[in-house]
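All chains, please: the whole structure from these sequences, using the hints.
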Amino acid sequence: ASKVLPHFQNYTSLSTKPVINAWRGGGRWFSWQFLVDEVRGESMVFSAHRGGNQGGEGVKTGGQWWIENVLEECDAPNEFFYDHESRMLYFSFNGTNTEPDGSEQWVLPVTQVLLNITSSDSSLRGVEVRDSMLTYLEPHGLPSGGDWALERLAAIVIRDASNVTVVDSLLTKLDGNGIFLDGAVKNASLTGNEFSYIGSSAMAAWGYTGDCLNANCSLTLPKGTLMGPDGRGMRAPHGTLVKSNLVREIGIWQKQSSMWFQAVTAETQLIGNVHFNGPRAGINFNDGFGGGDVIDGNVIGNCVRESGDHGPYNSWDRVPYITTLRTGRPSIIPKQRHITRNLWLGTYSTQEGVDTDDGSSYLLQDFNVFAYGMNGLKNDFGGHDNHQINNMYLFISRAWFAGTGLLPDGTGNNDAFTNNRCLLKVGGRYQSDCGHNAKGFITHDNTIYTKDGATKVCGGHDLNEYVRHSGLDHGSSVTVWPGVEELKASVNELLNGKAETPSTVFV
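Residue numbering for the sequence shown follows my numbering, beginning at 93 and increasing consecutively.
Hints listed in this document are in silico derivations from the structure and should not be mistaken for laboratory results. This one's a predicted model, so the numbers in the text were calculated from it and none came from an experiment. Even for Gly, the Cβ is constructed at its ideal location relative to N, Cα and C. Be aware that a few hints might be false.
Unchecked claim - Below are the DSBU-like pairs computed for lysine-lysine, each with C-alpha atoms no more than 30 angstroms apart in a straight line:
id	residue 1	residue 2
1	Lys531	Lys548
2	Lys109	Lys265
3	Lys95	Lys109
4	Lys265	Lys278
5	Lys278	Lys315
6	Lys427	Lys531
7	Lys517	Lys543
8	Lys548	Lys580
9	Lys335	Lys278
10	Lys278	Lys427
11	Lys265	Lys335
12	Lys152	Lys95
13	Lys109	Lys152
14	Lys335	Lys427
15	Lys517	Lys548
16	Lys335	Lys580
17	Lys517	Lys580
Said to hold, decoys possible - Pairwise CB distance ranges, derived in the manner of DEER restraints:
id	residue 1	residue 2	range
18	Lys315	Gly194	54 to 60 angstroms
19	Tyr182	Asp501	53 to 59 angstroms
20	Gly575	His536	24 to 30 angstroms
21	Asn279	Asn102	53 to 59 angstroms
22	Gly117	Val411	21 to 27 angstroms
23	Asp501	Thr210	39 to 45 angstroms
24	Asn308	Ile425	21 to 27 angstroms
25	Val131	Phe473	40 to 46 angstroms
Have a look at this one:
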């Protein structure tokens with residue numbers, strides 16, 4: 093340890109235990125926190141009971157790491173350390189003309205859950221909620237088939253209650269999650285709030301399913317696990333309205349965090365929110381449970397700032413759930429998820445505006461503007477029925493990343509990429525329809541913009557000539573990049589149509 097920690101030999105007090113923070117190895121997809129129980133020679137012994145459970149994958153190696161809660165490492169401006177034995181607070185002061193005189197006031201967060209709401213029809217309005225305690229060392233669970241692990245804790249916890257409202261409130265400097273919807277939370281309304289400097293996620297929702305593993309329940313999980321495939325009981329957040337919130341500076345401590353996260357949750361409405369400055373995806377759906385979610389009119393940017401392989405939106409759909417939401421009858425097929433009229437800026441390390449990962453299916457994305465990133469449409473590992481229609485993609489490298497031909501897992505089947513406008517980066521690619529798309533994958537009537545007004549498809553053919561002579565990809569064409577004013581007008585028209593009062597104005 094002393095080879096990488098120059099002060100290690102001088103560590104004097106471990107009455108307050110250090111914490112090692114580390115990124116997942118092989119890809120910065122989540123961060124761990126390990127509580128150090130003791131130091132033995134050159135080694136640190138991690139606790140077997142607290143920490144190390146914050147990621148949803150069994151990865152054997154870590155990446156970049158750092159240590160905290162050690163007196164000898166309190167050497168940078170604004171760092172602090174509290175020694176439990178001496179009851180002394182050490183603070184690395186940052187100032188030149190003044191110095192502490194003893195009159196300062198210090199606030200020590202001691203509570204993880206500030207408001208625990210279990211009664212229906214409760215309302216919280218115009219309140220400042222701040223200074224909750226760290227939760228990253230508390231027990232975590234795997235909410236569903238995605239990559240996340242999560243604790244059922246937040247500054248505000250709403251549990252098994254209906255028609256709860258949190259409105260016009262400020263949630264700031266919270267070291268864990270902001271708001272957590274736990275279990276059968278029906279028709280909650282989270283509107284007009286501001287979130288800033290949040291340790292983990294601003295808002296998260298996680299429901300429960302049954303223990304039965306087959307129709308007659310002769311096979312079950314251990315009683316009370318509540319993580320089987322049967323979600324017909326709908327002990328899950330359902331019909332949540334998340335509207336007109338401002339969310340910024342999240343994931344301060346736990347990097348696998350989002351503006352909004354959901355697992356075993358259905359028919360959420362995310363409408364007119366603004367989010368920027370987060371380490372991973374701004375919106376994250378851990379599964380395809382139930383479906384029926386609407387994501388409309390949100391402005392999102394500066395996501396994936398500290399990681400990769402994500403976008404403003406990310407989803408997984410690796411395991412099936414039985415619900416009745418699609419037709420009223422039991423089915424593992426969810427209702428379609430609708431993503432519409434959003435402006436998402438894929439600055440930093442965005443892979444796609446909508447990163448539909450690992451089986452994600454049954455989505456309609458229309459009238460959106462997605463700027464930057466590698467791909468437009470994405471499907472992999474069995475993802476299908478992903479329809480992207482009437483969108484605009486700005487400065488991307490490739491129109492889509494999906495299966496070709498008849499793949500055994502059905503990747504790309506019944507996808508659609510039609511009536512879109514794609515402004516390709518120099519060297520970017522439009523695949524067209526070369527006669528070997530995935531089963532049911534349709535593409536037509538797309539307008540492709542390139543710097544020189546040309547692009548080659550299907551063995552080196554000019555797109556315009558190929559469409560004219562092949563009979564495939566009808567209505568698609570290539571032309572030169574539009575001018576700035578033309579582009580701005582097109583973006584505003586797409587997002588707002590002919591509305592007298594535009595909801596989003598691109599300037």
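For each hint, the structure was consulted:
Of the supplied pair hints, the one linking lysine 531 and lysine 548 holds, its CA atoms being roughly 23 angstroms apart against a limit of 30 angstroms. Distance check on the hinted pair: lysine 109 and lysine 265 sit about 23 angstroms apart at the alpha-carbon level, within 30 angstroms; holds. A C-alpha spacing of about 20 angstroms is found between lysine 95 and lysine 109, which places the hinted pair at or below 30 angstroms, so the restraint holds. A threshold of 30 angstroms between alpha carbons decides the hint, and for lysine 265 with lysine 278 the separation of about 28 angstroms falls inside it, so the pair holds.
Annotation: proposed proximity of lysine 278 to lysine 315 holds, straight-line Cα distance about 25 angstroms (limit 30 angstroms). Note on lysine 427 and lysine 531: the hinted pairing holds, with a Cα-Cα distance of about 21 angstroms set against a maximum of 30 angstroms. The hinted pair formed by lysine 517 and lysine 543 meets the criterion: a straight-line CA distance of about 8 angstroms does not exceed 30 angstroms. Of the supplied pair hints, the one linking lysine 548 and lysine 580 holds, its CA atoms being roughly 27 angstroms apart against a limit of 30 angstroms.
Distance check on the hinted pair: lysine 335 and lysine 278 sit about 16 angstroms apart at the alpha-carbon level, within 30 angstroms; holds. With a C-alpha separation of about 18 angstroms, the suggested pair lysine 278 and lysine 427 falls inside the 30 angstroms cut-off, and the hint holds. For the hint pairing lysine 265 with lysine 335, the CA-to-CA distance comes to about 21 angstroms; that is within 30 angstroms, so the pair holds. With a CA separation close to 22 angstroms, the supplied pair lysine 152 and lysine 95 stays within the 30 angstroms bound.
Of the supplied pair hints, the one linking lysine 109 and lysine 152 holds, its CA atoms being roughly 23 angstroms apart against a limit of 30 angstroms. The suggested pairing of lysine 335 with lysine 427 holds, with an alpha-carbon distance near 21 angstroms, which does not exceed 30 angstroms. The straight-line distance between the Cα atoms of lysine 517 and lysine 548 is roughly 14 angstroms, inside the 30 angstroms bound, and the hint therefore holds. Taking the CA atoms of lysine 335 and lysine 580, the gap is about 26 angstroms. The hint holds against a cut of 30 angstroms.
Restraint check for lysine 517 and lysine 580: the C-alpha separation of about 17 angstroms stays at or below 30 angstroms, so the hint holds. A C-beta distance of roughly 57 angstroms is found between lysine 315 and glycine 194, which places it inside the suggested range of 54 to 60 angstroms. At about 56 angstroms, the CB distance of tyrosine 182 to aspartate 501 agrees with the hint of 53 to 59 angstroms. Taking the beta carbon of each, glycine 575 and histidine 536 are about 26 angstroms apart, inside 24 to 30 angstroms as hinted.
At roughly 57 angstroms, the beta-carbon separation of asparagine 279 and asparagine 102 lies within the given 53 to 59 angstroms, and the hint holds. In this structure the hint that glycine 117 and valine 411 lie 21 to 27 angstroms apart at CB holds, the actual value being about 25 angstroms. Look at aspartate 501 against threonine 210: about 43 angstroms separates their beta carbons, and that is inside 39 to 45 angstroms. Between asparagine 308 and isoleucine 425 the Cβ separation comes to about 22 angstroms, which falls inside the hinted range of 21 to 27 angstroms.
Range check, valine 131 to phenylalanine 473: about 43 angstroms between beta-carbon atoms, so the 40 to 46 angstroms window is met.
When each numbered hint is compared with the structure, no violation occurs for any of them.
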